[in-house]
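In order, the protein sequences belong to chains P and L. For what it's worth, full-length UniProt numbering labels the leading residue of the first sequence as 1, then goes sequentially. For what it's worth, full-length UniProt numbering labels the leading residue of the second sequence as 1, then goes sequentially.
Hints are computed from structural coordinates only; laboratory data are not their basis. Be aware that a few hints might be false.
[Stated by the list, open to error] These stretches of chain P come out as covered by chain L in the derived footprint (C-beta under 8 Å, 3 or more residues):
id, region
1, 163-173
2, 179-189
3, 244-250
[Said to hold, decoys possible] Computed beta-carbon distance windows for the label pairs:
id, chain 1, residue 1, chain 2, residue 2, range
4, L, G261, P, E93, 45 to 53 Å
5, P, G155, L, D13, 13 to 21 Å
6, P, A128, L, E27, 50 to 58 Å
7, L, R274, P, A247, 24 to 32 Å
8, L, D13, P, C193, 37 to 45 Å
9, L, W55, P, R124, 20 to 28 Å
10, L, E100, P, R76, 25 to 33 Å
11, P, Q107, L, P2, 16 to 24 Å
From the three backbone atoms N, C-alpha and C, an ideal C-beta is built for every residue, glycine too.
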Amino acid sequence: MNDIAIGCFQRGSFNFPDKPSSAELVAPGEDVRVGHQTRGGLLRGHGTILVSDRFTATICGTIERVGNLVSVRPFRCTYKPETGDVVLGRVIERAGKCWKLDINSWQDASLHLSAINLPGGIPRRRNADDELNMRQLYDDDDLVSAEVQSVHRDGTVMLHTRGPKYGCMSLGQLISVVPVLVKRAETHFHRVCSDLKTDIEILIGCNGYIWVGLKHSACFTHDPECSKSQNNTGGCEREVFSTSVNAHTRDQVCRVASAVRVLSMLHLAIYPKRILDVVDRSNDWGVSNTDMLRRAFVVKFSEWMTD
Amino acid sequence: MPLSRAEIDYVRDGIDQNMRNDGRTREDYRELTLDLGVIPQATGSARARLGLDAWSTDVIVTVKADIGAPSAEHPGDGRLRCAVELSSASDTAYGGRGGEARATELSRALERSLLGATAGSSASLSAHGEGCALDMSALGIQRGKSCWILQVDGLVLADDGNVLDALSMATRAALFDAKIPKVTAVAGPNPDDPAELELDDDPEECSRLDVSGVPVIVTLTRVGKHSIVDATKDEESMRDPRLCVGVDATGKVRSVGKRGGGGIDLNAMCAMTRTACECGKQLIAALDEAHAKAEADAAVQAAKGDDDDDDADDAMAA
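Model the full assembly from the supplied sequences, consistent with the hints where possible.
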């Protein structure tokens with residue numbers, strides 16, 4: 001096993017700052033102990049089963065205790081959607097009035113035609129023409145930021161993209177991380193100025209998809225009206241879509257994206273302050289963009305984090 | 001996962017500007033991690049990883065030496081064949097028989113780079129051509145009767161692009177790692193039968209393969225006006241033409257193969273081959289360094305008498 005993996009495991013307790021003292025790594029089949037207790041007076045939570053009067057872990061993760069409830073928080077798990085989550089999804093297909101989106105979960109989510117803001121932002125009934133023009137709004141493979149509107153009892157996930165924040169992503173890159181690294185927060189859209197000049201938008205999707213790109217990069221890519229409708233309120237209040245990014249901006253986007261990757265490699269929770277920490281360290285240590293994903297930097301950063 | 005049109009534009013623009021999505025330039029490989037001797041039961045084995053992410057390209061190659069009959073064309077030589085399997089854990093599409101066509105393509109490419117020629121289906125034992133990378137005569141035991149058959153098995157554990165390069169690097173390392181036991185022929189009771197073979201189980205008596213001629217495959221992807229090495233899965237998903245060049249330690253071309261969609265301009269192809277040669281030469285130098293380090297580590301461990309774990313973990317920036 002390489003030293004990074006070992007480093008990440010040794011700092012298992014460190015990864016989950018909520019429980020700095022009690023967090024302890026367990027593998028499936030191991031006893032889940034809290035202090036010296038394995039059973040008495042405790043409630044059995046997720047990731048544990050009762051085997052011959054002992055709590056035994058069923059997944060690999062850290063022990064978490066909330067009051068009497070003992071559970072194992074997994075290292076890796078599939079994203080479980082909850083209402084209100086901001087997610088990034090990729091359009092897989094169109095089924096009738098719905099788009100099907102891959103949101104890194106068990107099931108694909110659906111985005112109903114009535115759950116989006118039409119270009120121009122005029123609220124009206126969706127007619128058959130809209131249904132035929134769905135491709136113009138979100139085409140196959142498009143990356144769409146959306147919010148989970150509801151999760152039905154059978155696990156079906158409904159999304160909506162009503163609001164200026166949501167829409168098609170462009171001018172940036174997607175990084176996929178383990179969903180447990182993303183904490184639900186008040187806002188998932190962040191703007192960072194890594195060097196006071198460039199505004200970079202980070203969208204940390206609850207489903208582990210993280211978008212790093214230029215500010216206001218979301219846009220109805222295929223909408224010819226996009227440039228015209230800028231003054232309207234609604235889902236299309238976006239800048240004109242262009243494809244070229246200047247070298248300096250790209251460098252900054254790349255640095256932030258690499259920072260996210262570094263955190264993901266070290267299995268550290270991902271939030272803007274920490275992303276900026278990585279970016280700042282890389283700048284301080286004079287690490288070039290090319291070398292950010294090299295072992296030397298990742299190890300050096302992990303050592304800096306533990307200090 | 002396919003990319004959206006906007007993402008493809010962004011990736012292509014980045015390649016134009018010599019700044020790829022993960023910060024690399026066009027001629028940069030990802031961080032290569034090479035472990036030798038990862039499968040103790042095998043004659044030789046190696047694991048190669050490109051990148052440090054959990055989902056980075058990850059392959060294991062083992063070499064198994066078996067005794068069998070030599071081919072009719074080369075009675076004094078050994079034989080070699082390759083087989084690659086794509087783990088369904090690397091992509092759901094590889095479940096069942098899903099990855100078979102791609103696996104065959106990869107094993108053929110690997111075999112061709114090692115043998116200089118490939119014979120028929122992947123199931124048949126390949127005959128080696130004139131450009132064979134290994135000294136096959138060293139693998140012969142008894143002329144026309146018995147020889148070593150090297151079975152090179154590759155397993156793709158994770159696919160984040162550039163699997164063929166990773167496989168060829170791991171193959172080279174696994175061949176380096178292989179320790180072929182010493183075999184002596186003793187006369188059997190019947191003069192017509194093949195003589196009996198005596199296997200020396202002293203590990204000190206093992207012979208090693210000479211891998212100095214074994215090439216690595218450098219795959220270049222042509223994106224617009226430029227070519228990139230070590231494409232990630234995202235970069236591969238754009239279906240651009242690829243050129244797979246087998247390069248040996250002296251920087252000479254051993255094999256060339258074109259894959260992917262579209263065509264490549266002849267001038268571009270020359271430039272790409274040149275780039276591949278440079279990259280391949282550097283890569284082999286780095287691999288050789290890692291081999292030497294692994295060897296030294298193994299020697300140190302053997303001296304310590306700690307023979308439980310003679311894994312050598314080497315990292316190097318290619």
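Now the hints, each set against the structure:
1. Remark: the region 163-173 of chain P is confirmed as covered by chain L, as 6 of its residues place a Cβ nearer than 8 Å to a Cβ of that chain, reaching the required three.
2. Proximity of the region 179-189 of chain P to chain L, defined as three or more residues with a beta carbon under 8 Å from a beta carbon of that chain, is not established by the 0 residues found.
3. For the region 244-250 of chain P, the stated coverage by chain L is satisfied: 4 residues place a CB nearer than 8 Å to a CB of that chain, which reaches the threshold of 3.
4. For the pair G261/L and E93/P, the supplied restraint of 45 to 53 Å is violated, since their beta-carbon distance comes to about 23 Å.
5. Remark: the range hint 13 to 21 Å for G155/P to D13/L is contradicted by a beta-carbon distance near 39 Å.
6. One distance hint, 50 to 58 Å for the beta-carbon pair A128/P and E27/L, holds here, with the actual separation near 52 Å.
7. In this structure, R274/L and A247/P meet the distance hint of 24 to 32 Å, their C-beta atoms being roughly 26 Å apart.
8. D13/L and C193/P have their C-beta atoms about 22 Å apart, which leaves the hinted 37 to 45 Å range violated.
9. With their beta carbons about 44 Å apart, W55/L and R124/P fall outside the hinted range of 20 to 28 Å.
10. For the hinted restraint 25 to 33 Å between E100/L and R76/P, the CB-CB distance of approximately 28 Å keeps it satisfied.
11. Distance hint check for Q107/P and P2/L: the Cβ-Cβ separation is about 19 Å, which falls inside the suggested range of 16 to 24 Å.
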